[in-house]
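Participant: Whole structure, please, built from the sequences with the hints as guidance.
As a plain string of letters, each chain reads:
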Amino acid sequence: MENLLSIKDLSVKGIEQILEDAQRILDGETKSIGQKTAALLFYEASTRTKMSFEMAAHRLGISLLGFSPETSSVQKGESLYDTVKTVEAIGADIVIIRHPEDAYYNQLQQNITIPIVNAGDGKGEHPTQCLLDLLTIYQEFGTFQNIKVVIAGDILHSRVAKSNAFALRKLGADVMFSAPSVWKDLSLPYDYVSMDEAVENCDVLMLLRVQNERHAGASSMTNEEYLAAYGLTTAREKAMKKNSILLHPAPINRGVEIESHLVECDRSRIFKQMNNGVAVRMAILNQLLQKGGHLHVVAN
Amino acid sequence: MENLLSIKDLSVKGIEQILEDAQRILDGETKSIGQKTAALLFYEASTRTKMSFEMAAHRLGISLLGFSPETSSVQKGESLYDTVKTVEAIGADIVIIRHPEDAYYNQLQQNITIPIVNAGDGKGEHPTQCLLDLLTIYQEFGTFQNIKVVIAGDILHSRVAKSNAFALRKLGADVMFSAPSVWKDLSLPYDYVSMDEAVENCDVLMLLRVQNERHAGASSMTNEEYLAAYGLTTAREKAMKKNSILLHPAPINRGVEIESHLVECDRSRIFKQMNNGVAVRMAILNQLLQKGGHLHVVAN
Amino acid sequence: MENLLSIKDLSVKGIEQILEDAQRILDGETKSIGQKTAALLFYEASTRTKMSFEMAAHRLGISLLGFSPETSSVQKGESLYDTVKTVEAIGADIVIIRHPEDAYYNQLQQNITIPIVNAGDGKGEHPTQCLLDLLTIYQEFGTFQNIKVVIAGDILHSRVAKSNAFALRKLGADVMFSAPSVWKDLSLPYDYVSMDEAVENCDVLMLLRVQNERHAGASSMTNEEYLAAYGLTTAREKAMKKNSILLHPAPINRGVEIESHLVECDRSRIFKQMNNGVAVRMAILNQLLQKGGHLHVVAN
Numbered sequence: 001m002e003n004l005l006s007i008k009d010l011s012v013k014g015i016e017q018i019l020e021d022a023q024r025i026l027d028g029e030t031k032s033i034g035q036k037t038a039a040l041l042f043y044e045a046s047t048r049t050k051m052s053f054e055m056a057a058h059r060l061g062i063s064l065l066g067f068s069p070e071t072s073s074v075q076k077g078e079s080l081y082d083t084v085k086t087v088e089a090i091g092a093d094i095v096i097i098r099h100p101e102d103a104y105y106n107q108l109q110q111n112i113t114i115p116i117v118n119a120g121d122g123k124g125e126h127p128t129q130c131l132l133d134l135l136t137i138y139q140e141f142g143t144f145q146n147i148k149v150v151i152a153g154d155i156l157h158s159r160v161a162k163s164n165a166f167a168l169r170k171l172g173a174d175v176m177f178s179a180p181s182v183w184k185d186l187s188l189p190y191d192y193v194s195m196d197e198a199v200e201n202c203d204v205l206m207l208l209r210v211q212n213e214r215h216a217g218a219s220s221m222t223n224e225e226y227l228a229a230y231g232l233t234t235a236r237e238k239a240m241k242k243n244s245i246l247l248h249p250a251p252i253n254r255g256v257e258i259e260s261h262l263v264e265c266d267r268s269r270i271f272k273q274m275n276n277g278v279a280v281r282m283a284i285l286n287q288l289l290q291k292g293g294h295l296h297v298v299a300n
Numbered sequence: 001m002e003n004l005l006s007i008k009d010l011s012v013k014g015i016e017q018i019l020e021d022a023q024r025i026l027d028g029e030t031k032s033i034g035q036k037t038a039a040l041l042f043y044e045a046s047t048r049t050k051m052s053f054e055m056a057a058h059r060l061g062i063s064l065l066g067f068s069p070e071t072s073s074v075q076k077g078e079s080l081y082d083t084v085k086t087v088e089a090i091g092a093d094i095v096i097i098r099h100p101e102d103a104y105y106n107q108l109q110q111n112i113t114i115p116i117v118n119a120g121d122g123k124g125e126h127p128t129q130c131l132l133d134l135l136t137i138y139q140e141f142g143t144f145q146n147i148k149v150v151i152a153g154d155i156l157h158s159r160v161a162k163s164n165a166f167a168l169r170k171l172g173a174d175v176m177f178s179a180p181s182v183w184k185d186l187s188l189p190y191d192y193v194s195m196d197e198a199v200e201n202c203d204v205l206m207l208l209r210v211q212n213e214r215h216a217g218a219s220s221m222t223n224e225e226y227l228a229a230y231g232l233t234t235a236r237e238k239a240m241k242k243n244s245i246l247l248h249p250a251p252i253n254r255g256v257e258i259e260s261h262l263v264e265c266d267r268s269r270i271f272k273q274m275n276n277g278v279a280v281r282m283a284i285l286n287q288l289l290q291k292g293g294h295l296h297v298v299a300n
Numbered sequence: 001m002e003n004l005l006s007i008k009d010l011s012v013k014g015i016e017q018i019l020e021d022a023q024r025i026l027d028g029e030t031k032s033i034g035q036k037t038a039a040l041l042f043y044e045a046s047t048r049t050k051m052s053f054e055m056a057a058h059r060l061g062i063s064l065l066g067f068s069p070e071t072s073s074v075q076k077g078e079s080l081y082d083t084v085k086t087v088e089a090i091g092a093d094i095v096i097i098r099h100p101e102d103a104y105y106n107q108l109q110q111n112i113t114i115p116i117v118n119a120g121d122g123k124g125e126h127p128t129q130c131l132l133d134l135l136t137i138y139q140e141f142g143t144f145q146n147i148k149v150v151i152a153g154d155i156l157h158s159r160v161a162k163s164n165a166f167a168l169r170k171l172g173a174d175v176m177f178s179a180p181s182v183w184k185d186l187s188l189p190y191d192y193v194s195m196d197e198a199v200e201n202c203d204v205l206m207l208l209r210v211q212n213e214r215h216a217g218a219s220s221m222t223n224e225e226y227l228a229a230y231g232l233t234t235a236r237e238k239a240m241k242k243n244s245i246l247l248h249p250a251p252i253n254r255g256v257e258i259e260s261h262l263v264e265c266d267r268s269r270i271f272k273q274m275n276n277g278v279a280v281r282m283a284i285l286n287q288l289l290q291k292g293g294h295l296h297v298v299a300n
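Chains as they are written, first to last, in this note's numbering: chain E, 1 to 300; chain L, 1 to 300; chain R, 1 to 300.
Hints in this document: simulated from the structure, not taken from any laboratory.
One should not assume that every hint holds.
Same chains, same names: a pair is fine if it fits in one copy or spans any two.
[Unchecked claim] Cut-off 25 Å, straight-line C-alpha distance, at most; resulting in silico cross-link-like pairs (DSS-like, lysine-lysine):
hint	residue 1	residue 2
1	Lys31	Lys170
2	Lys76	Lys184
3	Lys36	Lys170
4	Lys184	Lys170
5	Lys36	Lys241
6	Lys123	Lys170
7	Lys272	Lys31
Facilitator: What follows is the structure in structure tokens.
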């Protein structure tokens, strides 16, 4: 039985199979697994990712087990392991987890026998977000080879940045970062460019959210100062290449990382990303829940 | 594509079609839309309205997307518009919203293409509650013409009062208000009567809830004083006409706007209202989600 | 129409029928009631019991009405009775309730006509937990006659202890308690033994959770001291009889009532209990929702 924990576990073939399945779903192919149950364990707030998995489950005919830390035995001190073991014992066929702890899944892999899908681990990874970003880029350019991608914003705390940078480079894209000094992650092997350089050269500008909830007061800049220095202003959007596109994992801080009116500009694929997310998650759930199903992973 | 935002948007024919559909559902007609998804975005507490929409969805075979502001990106500052745009992008076919802001839907209408059903906006309107009240009154009297309705309590803060007064007068009923001075809304064109006058003359007594959560400490009266002056006491219930009925949108403050034992008295239709609510909401969802479906609205 | 409120209401035949139905479900018998709706009213935190009922409902084809006190009219002061009457009016076919008040159901029985399943009442009872414990014991020994059961821990505050002690003695088991002095319930007719005596003699060791949320600071012991004096240590586990088993209703305080590594030791049936819980709850829901269905109860 396989999990989807890190985008790094997937082979190129594994990524391609998910993207192809997702595209076929978007093109109208229906899938139904039936009589399966997925448990959604979200220990952090989520709108998009959670609803997207819910919609994917509905469309596949999968039942859901609800859970919220506020009204569960997490309040009585229950460990993540015991909660996951519980949903397995209760009969869930798959468990989808978002948790504030980096690589929380390390404590689960040995004894949990149902597939685990990582819906975000602390500042670690967010592989399903990565896969929907990949699909959105592929739909646009038909390839990843030499596509110039700039990931811009709070690189240091972003699981989206980490998953995407790794996967995109592996698939042949040219990946760069753009960030204020305090949010650079110098442990990662990517070059930094300024936002002005970024917008002029990139095919894909992937904005990140300023995660105020993760670093209260870390930045001494006002929203206006941040936007002017590091965000997508009207002037910068105008400087972008004709066919380049704009991505953002959302939720968006309008007026901080992006000027509000640009959220739905012509080159924005922000809401298309969300639409793609359902198809990608359907593809993943379907592959993991098929009899004998598994994802193609890199050789260890 | 149409919305249900304000009861004022519906033509008389539009109201009648919803009431007739709802009555046929109560009489046993089954409906199934199938393969549709509704998103329930409740930014304020609700038991009845939320569960009623859930039940309506179950009975129509509609899937639900869950959401609670406490565990969603609302915590990260996401705007209502971005959240609604998100559920649209994820594939919801309809969105049902309760929000503390009056006329919150004004910010949504331009760019949201799926139907919006208003499940209560601030102190604005509550059209689906209004429609279930209308159905309950119509079941009793077979007409609205010259039916004397007194809406009693906190008129000023009540969206239920506003929606009902407008619709009932439009349908031919004779509408009056009864309220303590501080809770009168003198901008609305309805006469006020005392509770003693009200109970003696009305066919329908529609009590409102004292909304302590909306005006902490606004009233200096004790519960007993409020009941004696403005509530339905045993003596007042006895003074009501033989066939007159009692409505309340609930939740009920027992011993404040009504003496506890009267909640289930013979003339109370309070729990029948809730039963009617499911049928009314099924009728609305069905009309809005049918191919080419729409509500009959007033000409602009 | 019948309820499941207290294990004391069930006749031996009633218990046996639930256990037999549950075992047939575990052996592969499928059941589907269809087109029914259950309302889950959980006024206290729960992971296992709530998810277990959800899974049971999914497997029976029953729809669920969601509810959480935090986002419902409980916030507006609505009484339990009015909330239950509401879910009945909305059309729920059965209501499953967990509530912090002992015997909360006494206020409901007179006027509520749909079946009520008690999912835990304050320090009162937890009959469905009891039934899944009974099934787990029966699976092991094929009988209850003369099976030595020690229930160990916070007897005074435990609804699980009360339900189990009563039912097990009624079914012929030999029931004893083990508890620190402050947590003994001397009103109940069971003998107390030390943990050292318990482990040497019992066939079933039923550990209870230290309910820190119910008696903050009541114990002046550290976790280590509690474990050494009253918990299951490695040494005590080694002293248990060859075929004796270990139960725990969970959530588990690892390192308090049990040493962490023993949670999944060979004699532990802790996760099997959870698995059995789904089948037991399916059996109960099925029996209560069948046309003319009812549980076999003791003669009054």
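Participant: Each hint should be assessed against the structure and marked as holding or not.
Facilitator: To see whether the hints hold, each was checked on the structure:
1. Lys31 <-> Lys170: neither (29 Å within a copy, 49 Å between copies)
2. Lys76 <-> Lys184: between (38 Å within a copy, 22 Å between copies)
3. Lys36 <-> Lys170: Neither: 33 Å inside a copy, 38 Å across copies.
4. Lys184 <-> Lys170: within (21 Å within a copy, 63 Å between copies)
5. Lys36 <-> Lys241: neither (46 Å within a copy, 39 Å between copies)
6. Lys123 <-> Lys170: within (21 Å within a copy, 54 Å between copies)
7. Lys272 <-> Lys31: within (21 Å within a copy, 33 Å between copies)
Hint check: violations occur at hints 1, 3 and 5; the rest are consistent with the structure.
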